[in-house]
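Sequences and hints are given; from them, build the entire structure.
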Amino acid sequence: DAKTTQPNSMESNEEEPVHLPCNHSTISGTDYIHWYRQLPSQGPEYVIHGLTSNVNNRMASLAIAEDRKSSTLILHRATLRDAAVYYCILCNNAGNMLTFGGGTRLMVKP
Amino acid sequence: DTAVSQTPKYLVTQMGNDKSIKCEQNLGHDTMYWYKQDSKKFLKIMFSYNNKELIINETVPNRFSPKSPDKAHLNLHINSLELGDSAVYFCASSPSGTGELFFGEGSRLTVL
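Just so you know, the sequences run in chain order A and B.
The first sequence begins at 180 in the numbering used here and counts up by one.
The second sequence begins at 50 in the numbering used here and counts up by one.
Worth double-checking, as some hints may not be accurate.
As a list, the in silico DSSO-like pairs of lysine-lysine whose alpha-carbon atoms are at most 30 angstroms apart [to be verified]:
| id | chain 1 | residue 1 | chain 2 | residue 2 |
| --- | --- | --- | --- | --- |
| 1 | A | Lys248 | B | Lys68 |
| 2 | A | Lys182 | B | Lys93 |
| 3 | B | Lys101 | A | Lys182 |
| 4 | B | Lys120 | B | Lys93 |
| 5 | B | Lys93 | B | Lys68 |
| 6 | B | Lys120 | B | Lys101 |
| 7 | B | Lys90 | A | Lys248 |
| 8 | B | Lys101 | B | Lys85 |
| 9 | A | Lys182 | B | Lys89 |
| 10 | B | Lys85 | A | Lys248 |
| 11 | B | Lys85 | A | Lys182 |
| 12 | B | Lys58 | B | Lys85 |
| 13 | A | Lys288 | B | Lys89 |
| 14 | B | Lys58 | B | Lys101 |
| 15 | B | Lys58 | B | Lys90 |
| 16 | B | Lys90 | B | Lys120 |
| 17 | B | Lys90 | A | Lys182 |
| 18 | B | Lys85 | B | Lys116 |
| 19 | A | Lys288 | B | Lys90 |
| 20 | B | Lys68 | B | Lys116 |
| 21 | B | Lys58 | B | Lys116 |
| 22 | B | Lys89 | A | Lys248 |
| 23 | B | Lys116 | B | Lys90 |
On the chain A side, residues computed to face chain B include the following (Cβ under 8 angstroms) [what the hints assert, rightly or not]:
| id | residue |
| --- | --- |
| 24 | Tyr211 |
| 25 | Gly222 |
| 26 | Pro223 |
| 27 | Tyr225 |
| 28 | Thr278 |
In short, the hints are calculated from the structure, not lab data.
The model shown is predicted, which means the values in this text are computed figures rather than measured ones.
Idealized CB from N, CA, C, for every residue including glycine.
Next up, the structure:
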């Protein structure tokens, strides 16, 4: 299975942008890049996904490298409610995601 | 309305017992999943069902038996519970092939 690598933790100040990196050097041509986040004591929540082009939605932006071996989740203005574990996962074209990695724990300081 | 609901939310039991966790989704999705999250917070898929048929079984001990009476329900039954089964179990559903998962709030199982 194609795996992802993320930093264990990151810190941000409130109302500043946050860039969460993810490496997926063994990604295959048909794998989508998905991002989820998990707030304390809750189930994971879908954030965004993309294949090749950069994507924007109301929650975040996803910047995908040209060679697709890495991607960055961008939170434009971090709030205290964005403090969570952010997971970057690869999903094949059958929609199967096997394992979420360790994720990045984002801490937001007021 | 809760989209994916699991019961019970907390379950404490003794080793060797048999227990079940129920999951229901009201989103009309075709695919449902069970994930296990261990103490290190890794979230690993256990089973995937599509329209009541088993699609993925990820080397889970056969003490774990999923049952899908209809496409809105996927229950997890665990026989002969062991200490290592202690974890948070998440149910999820998705429209087929999209990869967008909708998770329940989790069921924390503690085996003593």
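Restraint check, 8 angstroms cut-off on beta carbons, for Thr278 (chain A) near chain B: 5 angstroms, holds
Straight-line alpha-carbon gap Lys85 (chain B) to Lys182 (chain A), limit 30 angstroms: Given that 30 angstroms is the threshold and the Cα spacing comes to 18 angstroms, the pair holds.
Restraint check for Lys90 (chain B) with Lys248 (chain A), where alpha carbons must lie at most 30 angstroms apart: Holds: Lys90 (chain B) and Lys248 (chain A) sit about 24 angstroms apart, inside 30 angstroms.
Pair hint outcome, Lys116 (chain B) versus Lys90 (chain B) [Cα-Cα no greater than 30 angstroms]: Given that 30 angstroms is the threshold and the Cα spacing comes to 25 angstroms, the pair holds.
Proposed proximity, Lys89 (chain B) with Lys182 (chain A) (alpha carbon, max 30 angstroms): 17 angstroms, holds
Hinted pair Lys85 (chain B) and Lys248 (chain A), Cα distance within 30 angstroms: Holds, at roughly 28 angstroms.
Agreement of Lys182 (chain A) and Lys93 (chain B) with the hint, judged by alpha carbon distance not exceeding 30 angstroms: Roughly 13 angstroms between the alpha carbons, so the hint for Lys182 (chain A) and Lys93 (chain B) holds.
Hinted pair Lys101 (chain B) and Lys182 (chain A), Cα distance within 30 angstroms: 29 angstroms, holds
30 angstroms limit on alpha-carbon distance, applied to hinted pair Lys58 (chain B) and Lys116 (chain B): Holds, at roughly 19 angstroms.
Pair hint outcome, Lys120 (chain B) versus Lys101 (chain B) [Cα-Cα no greater than 30 angstroms]: 5 angstroms, holds
30 angstroms limit on alpha-carbon distance, applied to hinted pair Lys101 (chain B) and Lys85 (chain B): 20 angstroms, holds
Hint validity - Gly222 (chain A) Cβ closer than 8 angstroms to any chain B Cβ: Nearest chain B Cβ about 3 angstroms off; hint holds.
Violated hints amount to a single one, hint 1; each of the other numbered hints is respected by the structure.
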